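Student: Residues per chain are reported as follows:
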Amino acid sequence: AQKVTQAQTEISVVEKEDVTLDCVYETRDTTYYLFWYKQPPSGELVFLIRRNSFDEQNEISGRYSWNFQKSTSSFNFTITASQVVDSAVYFCALSGSSNTGKLIFGQGTTLQVKP
Amino acid sequence: EPEVTQTPSHQVTQMGQEVILRCVPISNHLYFYWYRQILGQKVEFLVSFYNNEISEKSEIFDDQFSVERPDGSNFTLKIRSTKLEDSAMYFCASFRRVGTDTQYFGPGTRLTVL
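Sequences listed follow chains Y and B, in order. The first sequence begins at 4 in my numbering and counts up one residue at a time. The second sequence begins at 378 in my numbering and counts up one residue at a time.
Chain B extracted, bound-state conformation (with noise of 0.2 Å):
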């Protein structure tokens, strides 16, 4: 079956450094998301991607965010300097056609900012 595929699983970095976090979505799904969730929190909405453009972002999708499809496969979230608070579990998620099929989820990245 099909899946989401994120990397890395964890992430460790020292504030005020960038990071990119990867997702393959599955291969013929056109709608890209990326979610976030702090530790013991929930799921929070924060950018969703189609037609290389993005198509909706959150307040919390600031200018230190950036989401990118580089090569028709990745998806990327760079965050350029990051925060304590940006320490969660950052999901990506991608859809065929919005609607009428589920939204499925990678298995997330943990980013814990030092």
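The following block holds chain Y by itself, in its conformation from the complex (with noise of 0.2 Å):
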């Protein structure tokens, strides 16, 4: 079975401050996907980064950065001088190659950026 696990329900920094956001995964496939989205108060999916299983690159974006380690099965995210703007809930999903594309979310993280 596939399985998402977002430990941290709520975190809350003041701006500036860096904050990482924990995803572990199960899966049994070899070939797999991993995503983050995040969705702002407005309720949109804003998709941030697609990685597959054989790119254990670190990857880089502005502010963001993803740190995907397979052999603790986790893909952290981490968002370098925290904005208010980064406010939202950040959902991290699966998907495996058995399947039909179906994305397996976590329960989210909600992170509140105080100003």
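The set of hints was computed from the structure by calculation and includes no laboratory data. Predicted model, so just to flag it, every value in this text is computed and none were measured. Hints are supplied without guarantee of correctness; some may be wrong.
Stated by the list, open to error - Per the computed footprint, the stretches of chain B lying under chain Y, defined by three or more beta-carbons under 8 Å from a beta-carbon of chain Y, are: (1) 418 to 432; (2) 466 to 473.
Unchecked claim - Here are the simulated DSS-like pairs of lysine-lysine, each with C-alpha atoms no more than 30 Å apart in a straight line: (3) Y/Lys19 / B/Lys419; (4) Y/Lys41 / B/Lys419; (5) B/Lys434 / B/Lys460.
C-beta atoms are modelled at their ideal positions from N, C-alpha and C, and glycine is treated no differently.
With the hints as a guide, bring both chains together as one complex.
Tutor: The structure is reproduced here in structure tokens:
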């Protein structure tokens, strides 16, 4: 069975702090894809990143960075110098090669960035 | 940039009524999905659709639900007899090719069942 766990339900930080959102996944597939989506208060799901299981290189995009470690089945997301606009719910998701492309989502982490 | 669109943005209905939620996926995409998010909870997979048929469905997707791609552009989710617990945000999503592409989500339809 496939599963995504985001153990942090809520995180509160002060602006300009760095914050890391944890994501741990379970899958028996050797090929799979990991995603992060942002859900701002307006409710839409905004795509942030997709990684495949063969690419363990860390990625940086502006203030965002992702650390993918197959050895610990984790795909953590770090926001550097957080801003109030980063306040949102962040979802980690998994798609395995053996299924129809459906995404299995974690419970989400609510990030509140205070001024 | 192409996007997935959904209508209506908000639907209010009485328990027992039928509702149809509409989605227009990105035009060259081949894989279509519906997801549900009950307020404050995670996003849950409902159904996937490929080559004009359901390819996978979850336990949530019971006989009250159906999907259709009636005209090659629209992708609809019908709930035949709504229940209070169907109140949720419903997201449509599409892929061009599974795995090698990003799954794009529509803005969602908020369904409120009274």
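Student: Decide, hint by hint, whether the structure agrees.
Tutor: For each hint, the structure was consulted:
For the segment 418 to 432 of chain B, the stated coverage by chain Y is satisfied: 8 residues place a CB nearer than 8 Å to a CB of that chain, which reaches the threshold of 3. Check result for the segment 466 to 473 of chain B against chain Y: holds, 4 residues qualifying (beta carbon to beta carbon below 8 Å, three or more required). For the hint pairing lysine 19 of chain Y with lysine 419 of chain B, the CA-to-CA distance comes to about 28 Å; that is within 30 Å, so the pair holds. At most 30 Å may separate the alpha-carbon atoms for a hinted pair to count; lysine 41 of chain Y and lysine 419 of chain B meet this at roughly 12 Å.
Between lysine 434 of chain B and lysine 460 of chain B, the direct Cα distance comes to roughly 19 Å. Compliance with the 30 Å bound is thereby established for this hinted pair.
Hint check: no violations occur; every hint is consistent with the structure.
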